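Engineer: One-letter residues, chain by chain:
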Amino acid sequence: MTNRSNRVAVAGVGFSEVGRRLPHPDDELVRQAITAAMADGGMAPADIDGIATMGGNAMAMGQLLGIVPLDYFYSSTLLGPAFVEPAIMAISAVASGLCHTCVAVRLIRQFGGANRPPEPERARGPMRVAGDNQFSAPFGAGAAGATIGGFQMQRHMHQYGTTYEQFAANAVTARSHAALHPEAIFRDPLTVDDYLASRFVSEPLRLLDCDYPVDSAAAVIFTTPERAADRPHKPVLVEAYALSAIRDFDMSLIEDFTWNAPAHCAEALWSRTDLSPSDVDTAQLYDGFSVITFQWLEALGFCGRGEAGPFIAEGNTRLGGRLPLNTDGGACNFGRRHGANFCIEAVRQLRGEAGARQVPGAEVAVWTNAVGCFAGAVLLTAG
Amino acid sequence: MFDDLDPEALYPPLPEPSELTRFFWEGVADRRLLILRCEACGFYVHWPRHVCPRCLSTSLGPAEVSGQATLVTWTFPSQPFDPYYQARVPYALAVVELVEQPGLRMVTDLVDYDKGALRIGLPLRATFREVAPRVVLPLFAPLPGA
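Note that the protein sequences, when read in sequence, are chains P and Z. Each residue of the first sequence is one higher than the one before, counting from 1449 in this note's numbering. Each residue of the second sequence is one higher than the one before, counting from 2 in this note's numbering.
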């Protein structure tokens, strides 16, 4: 069977439960997410013949849920642009005809920092670090808040004059969107002063610049436009997609801390469509750290290079503004779903199902993942 | 390497050198900064790799560099993972660019700096510090008068 049009549609989306340190095993989160996506798409396991995942193993997921045989399976190494990586593998597998219906999964659990289980106190002596990390860990690198968030935010502020108040405006805007989303975790109003009072995680990076670690899984079912027709929801079409890796995956060694993989990725994305930035009705731009969103706004051409701070502070990214941004509240308020939330939010906006946070008449949405060494972006349109 | 440790002292995460990386840490122990360099085209390769990405030669060897560098970016981590740095927060984690070659970068810590004077391009020089008993790391300090 071939996919004659090479076009791809979204047929179903779903989340598992979300929470801090959920007691469920990984398989249960995966079951919940894929089951929810199948229910959303009016599908059964027999309708799916491909699985692409970041987190866990695609073949094992197929066996777990009776999605066998698989005509396509992809399990990420984890060193890539989060949900957009398995999503683009799924999209390209459907576009090529390798399979006809592929579910993309992001399973993610809390890790790191204060949430690590306590280690036996120095029972084994100092930590020993092999491989490339021997050139960074001895200096106290390691936390992504420092080597991605801190390094890039510092550079953006010094290079462009971006201010804490502009980062605050972004946090306040995101929270105002979360307040309109019944599934968001943090929904209470946030002020600029609240942001400025939040503690430094890695100065200049503050707590409210960071995503909120949670346990969850998310699933999105990609299929052919023909198979997406006559489903419970209006189909959403994939217009263009791009992946980019610009160097080895160590984020502290990127050549340009404010203009890197997203810039390359955005150029590729726009080269594959007749649409342009001015056609986009809503943008869902990755925000593992807030400065990543700033870089995507610039890379995609929604504002000039270095102008994301003023662009946000002027209100352009609010609901009702020129480019409603991260309308689910973003990872700071909706939880660290690693971009799966932004794919799902873009789909909901294009279906017209976003409730109080609906962007009126939304027909074109872009969602993105990651920064630095690697990135991915997908442009979606209402079917 | 890094075997003669004081059981009572707190140490940062310590390198576990391989055949490919041992020269770097032996150089540091001698207070010299050695970077792998392509013997065919002269390109410096850090972090160490078996192949030169510019000319694909596999003949590379350690070469001493000046220790002169400029500041690329920096941050003050408050929540490091390990106890040594937890006891030293906030410290100045930095990326520096060695003057020998555009884009030749290292991760390091800054010392002897004036926080308010840190800026992109600030001239720096390597300084070798015993950060824990018998463990030396290459750190960087602003050039006097910079």
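These aren't lab readings, by the way, just hints derived from the structure by calculation. Incorrect hints may appear among the rest.
Said to hold, decoys possible - Computed footprint of chain P on chain Z; a stretch qualifies when at least three of its residues, placed anywhere within it, have a C-beta under 8 angstroms from a C-beta of chain P:
hint: 1; region: 27-41
hint: 2; region: 51-65
hint: 3; region: 110-122
As the list claims (entries may be wrong) - Where chain Z lies over chain P, by a calculated footprint (3+ residues, C-beta under 8 angstroms):
hint: 4; region: 1502-1512
hint: 5; region: 1585-1596
hint: 6; region: 1646-1652
hint: 7; region: 1746-1759
To be verified - Computed beta-carbon distance windows for the label pairs:
hint: 8; chain 1: P; residue 1: G1749; chain 2: Z; residue 2: G117; range: 32 to 42 angstroms
hint: 9; chain 1: Z; residue 1: Q102; chain 2: P; residue 2: F1697; range: 19 to 29 angstroms
hint: 10; chain 1: Z; residue 1: C56; chain 2: P; residue 2: R1720; range: 50 to 60 angstroms
hint: 11; chain 1: P; residue 1: T1525; chain 2: Z; residue 2: E65; range: 33 to 43 angstroms
hint: 12; chain 1: Z; residue 1: D4; chain 2: P; residue 2: F1697; range: 51 to 61 angstroms
hint: 13; chain 1: Z; residue 1: S60; chain 2: P; residue 2: E1715; range: 53 to 63 angstroms
hint: 14; chain 1: P; residue 1: D1636; chain 2: Z; residue 2: E65; range: 52 to 62 angstroms
hint: 15; chain 1: Z; residue 1: G117; chain 2: P; residue 2: D1642; range: 22 to 32 angstroms
hint: 16; chain 1: Z; residue 1: E40; chain 2: P; residue 2: D1519; range: 42 to 52 angstroms
Quick caveat, the model's predicted, so the values are computed rather than measured. All C-beta atoms in this analysis are idealised placements derived from N, C-alpha and C, irrespective of residue type, glycine included.
Engineer: Quick one: are G1749 (chain P) and G117 (chain Z) within 32 to 42 angstroms, going by C-beta?
Structural biologist: Given range 32 to 42 angstroms: holds, Cβ gap about 35 angstroms.
Engineer: Checking C-beta pairs, does the region 27-41 of chain Z have three or more residues closer than 8 angstroms to chain P?
Structural biologist: violated (count 0)
Engineer: Is 33 to 43 angstroms right for how far apart the beta carbons of T1525 (chain P) and E65 (chain Z) are?
Structural biologist: With Cβ atoms ~36 angstroms apart, the hint holds.
Engineer: Just to make sure I understand the rule, a stretch counts as covered if three or more of its residues have a C-beta closer than 8 angstroms to a C-beta of the chain. Does the region 110-122 of chain Z meet that for chain P?
Structural biologist: With 3 residues closer than 8 angstroms to chain P, the region 110-122 of chain Z meets the three-residue bar; holds.
Engineer: Are there three or more residues in the region 1746-1759 of chain P whose C-beta lies within less than 8 angstroms of some C-beta in chain Z?
Structural biologist: violated (count 0)
Engineer: Honestly, do G117 (chain Z) and D1642 (chain P) meet the 22 to 32 angstroms range at C-beta?
Structural biologist: 26 angstroms, holds
Engineer: Count the residues of the region 1646-1652 of chain P with a beta-carbon closer than 8 angstroms to any beta-carbon of chain Z: does the count reach three?
Structural biologist: holds (count 6)
Engineer: Between the region 51-65 of chain Z and chain P, are there enough contacts, at least three residues with CB-CB distance under 8 angstroms, for the coverage claim to hold?
Structural biologist: violated (count 0)
Engineer: Could you say whether the range 52 to 62 angstroms given as a hint is met by the Cβ separation of D1636 (chain P) and E65 (chain Z)?
Structural biologist: Holds, at about 57 angstroms.
Engineer: Assuming the hint says 42 to 52 angstroms, is it satisfied by the Cβ distance from E40 (chain Z) to D1519 (chain P) or not?
Structural biologist: 49 angstroms, holds
Engineer: Starting from the range 51 to 61 angstroms, see whether the pair D4 (chain Z) and F1697 (chain P) falls in it by beta-carbon distance.
Structural biologist: 31 angstroms, violated
Engineer: Does the region 1585-1596 of chain P contain three or more residues whose Cβ lies closer than 8 angstroms to a Cβ of chain Z?
Structural biologist: holds (count 10)
When each numbered hint is compared with the structure, violations occur for hints 1, 2, 4, 7, 10, 12, 13.
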